[in-house]
Amino acid sequence: MEKHNVFAAAMMPKFEGIASGHRACQGCAEVLAVRHTLKATGKKVVVANATGCMEIISSPLPTTSWEVPWIHTAFENAAAVASGMESGLKVLMRKGRIKESKVKAIGMGGDGGTADIGLQALSGAMERGHDMIYVCYDNEAYMNTGIQRSSDTPYGAWTTTSPPGKKSIGQVTWKKNVPEIMVAHGIPYVATACSSFLFDLEEKVKKAVATEGPSYIHVLSVCPTGWRIPAEKAISYGRLAVDTGFFPLYEVENGVYRMTYEPAVKLPVTEYLKGQGRFRHLTEKEISEIQRRTDEELEKLYLKVKMTNPQAMAAAAGLETGPCTTEHNKETCIRCRRCVKVCKDTVGVDALAMGEPEEGQKRGLPYMKDPDACIGCGTCNFVCPTDSIPMIEREGVRSIWCLDFPIRTCPQCARYYIPEKQVEWSVEKFGVDPKVFEVCPDCR
Amino acid sequence: MPERVGMEVSLAAAEAVKLCNVDTVSAYPITPQTHIVEHLSEIVADGELDADFVPVESEQTAMSVCMGAAAVGARTFTATAAQGLALMSEMLFIAANMRLPIVMTIVNRALSGPLSIWNDHSDIMAQRDCGWIQIFAENGQEVFDNIICAYRMAEDRRVLFPAIVNIDGFILSHVVEPHEIVDQETVDTFLPPYEPLHTMHPDKPLTMGAFGMPEIYAETKKAQDEALRDSLPVIQEVWDEWAKVTGRQYKRVETYKLDDAEQAFITMGSLGQTAELAVDELRNQGKKVGLIKIRLWRPFPTDDLRQVFSGLKRLLVVDRAYSFGALTGPVASEMEALLYDVDNRPEIFDFIAGIGGRDVPLGSFIEMFDVAERDSGTEHKQNFYTLEVRE
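Chains as they are written, first to last, in the numbering used here: chain A, 195 to 638; chain B, 11 to 401.
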């Protein structure tokens, strides 16, 4: 998310994988998440969809909303069908029967098709190591059949099969943690995302596309119909789910946990629960239990982040200092020069350069040639197609290229948004009114 | 003439799949199908076949992987039996409706419960209406030949349906028989690479598997049924082509010593071999008996059967599955329906035999004949008989 305080929505891909005119409910954030997933993948995909909302709103024979190759067969087998497509494409390309190109197989399903009936097929596909992505659009119940509970329905929620009554508070079980089950499969990339954080979702999808092997993305997809909220509140409630820690946004890359978004001020869960019809029957007792559990889960997650970060692992291995986490990643860099070009031509800073090519290489690797010139704007990080330029923001400091830049916190929404050095540079070089930078672009 | 080699039928089946240059094989182990997929995985591991062997976590997924792979244009294979087939059931209907030319061998085994790994036809009969082409093989050579023919049938643009080759579990799948293994060049000429009509590829985005509202669902189903019926002549055409290449001629319905017969047995699968011996035995006793073997079960060869029935006074149907609570077993039920409006229709006797691995030796056929002689035209005639079963 941090990256997009630098560049705004204009950077969003123009490609549309699902056409408008489908039959989703008003305010459906799930179809929004699907749309942005496909924006991030681009058209080089084949999609297997489970039976469910996304299938039923998009494909009444003989019409379709899909602009990408799309197949639906059954409810429980989207991951299996995607793995079959991956297998078929791989062999046909190997045998020269279709031309060699990178086509990613994607499985898609709702929480029922993923956490319940499709869990076995998903586990199999992930375990077998197919080069594919599975995306779960979790709207926390069987919305397509009329809001019945699933194992991903949160504790306390009303659904038509978990009604609160004299003997029940509604859903009596806690949300099944499918991302964690996927992490246990040892796959290279697992992430959570939310329909209200579309840039974050897109970045994760791009990462998954670039990952060799299986990736899993669990997208909390707000469902106004099933959650009993006004359609226009879909985006707000997604934000609240994340800002209350109810649904944290993180990613796990090769076992290393990283928070991709941290609310500057963690809100109490009541902010999220109140106003949702599905939680309206809850009493103080249940709410405090939800708060306790949310805090506990979040604490566990932060511990995992702490324990798996490269410095901690280096320390555990007895190394005195860990590797610089903001150093350019030479392994994944494809030497495309985008970072160098954007720094010089778009930003006008010219802090990066391409190094001398090594033996057998056409181009060298980019490096920081002028640390004094760098303003820490993060544009190089944003344009990097393989995410080889790490950028970390914590405790008021943005770190990139092993340089630290004090960064401003928005007084209205408490998000990090611009390094002090970039403000000075903008004022000095372009004569921008410093008042412009007093709040973040979203709050301006 | 290719050399005849002694080989277990399951291994010959795997060799046939190899010769078909299949792209994706996906299977889950279940007795008695295992020898086929074990041998195939060896063939792939040794690099004799350039294919992707996807060892899945269930039959449901095995069929789903085949559907995915077939949708991108790959030639696919799977094999299963009994419980595995039942678990696959949902996908079978979808694969047929999506016209994906997957080929599957079913090593026929009894359905639980009680659990039984032994042979009968209750597994396939439960999936009778799944919309696949369904072939029954009588011996190892037929298994080998029909796997190759099944791909040619399934992938024919006038057909485009998935196809099943049924192999009786253990009593056929696990026996060593002489096989004529056809050479690669012959198979390559007979079965060119699969040229799919539509595929899932970003170059030409397509939607497959849309849902049907009431105003269109019925039309799709009628079209599917008509297409399967229309594949009857193509199936015969493929077998005729195969005869030109190998000299082995197959027909949708086979007969044995039927020309002057007054009575005939009807069998499917490997029992045909025993039945032939029984016919010989009864002929030695001066009885005018013949044999009808149904090779193609779906699409049902109605006209072929009507032709061979003419002049027969009595039919002795051997059913290898129950249709619980029904008038007769599933095969006899088809015969009753088929002959209902035929003048001088033969009298039908149904024998449910060979259930869950119970042996059906030559003597059983003689007994069937005797029972029919005894009860013919009397009030004792039953809708069906269960032989060799303790009461």
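Heads up, some of the hints might be wrong.
Unchecked claim - With a Cα cut of at most 16 Å, we get these calculated EDC-like pairs of lysine to aspartate or glutamate: (1) A/K296 <-> B/D60; (2) A/K284 <-> B/D60; (3) B/K391 <-> B/E357.
It is worth saying that the hints were derived from the structure and are not from the lab.
Here's how the hints hold up against the structure:
1. A/K296 <-> B/D60: Violated - the C-alpha atoms of B/D60 and A/K296 are around 20 Å apart, more than 16 Å.
2. A/K284 <-> B/D60: holds, 11 Å
3. B/K391 <-> B/E357: holds, 10 Å
In this structure, only the earlier hint numbered 1 is contradicted, and the remaining ones agree with it.
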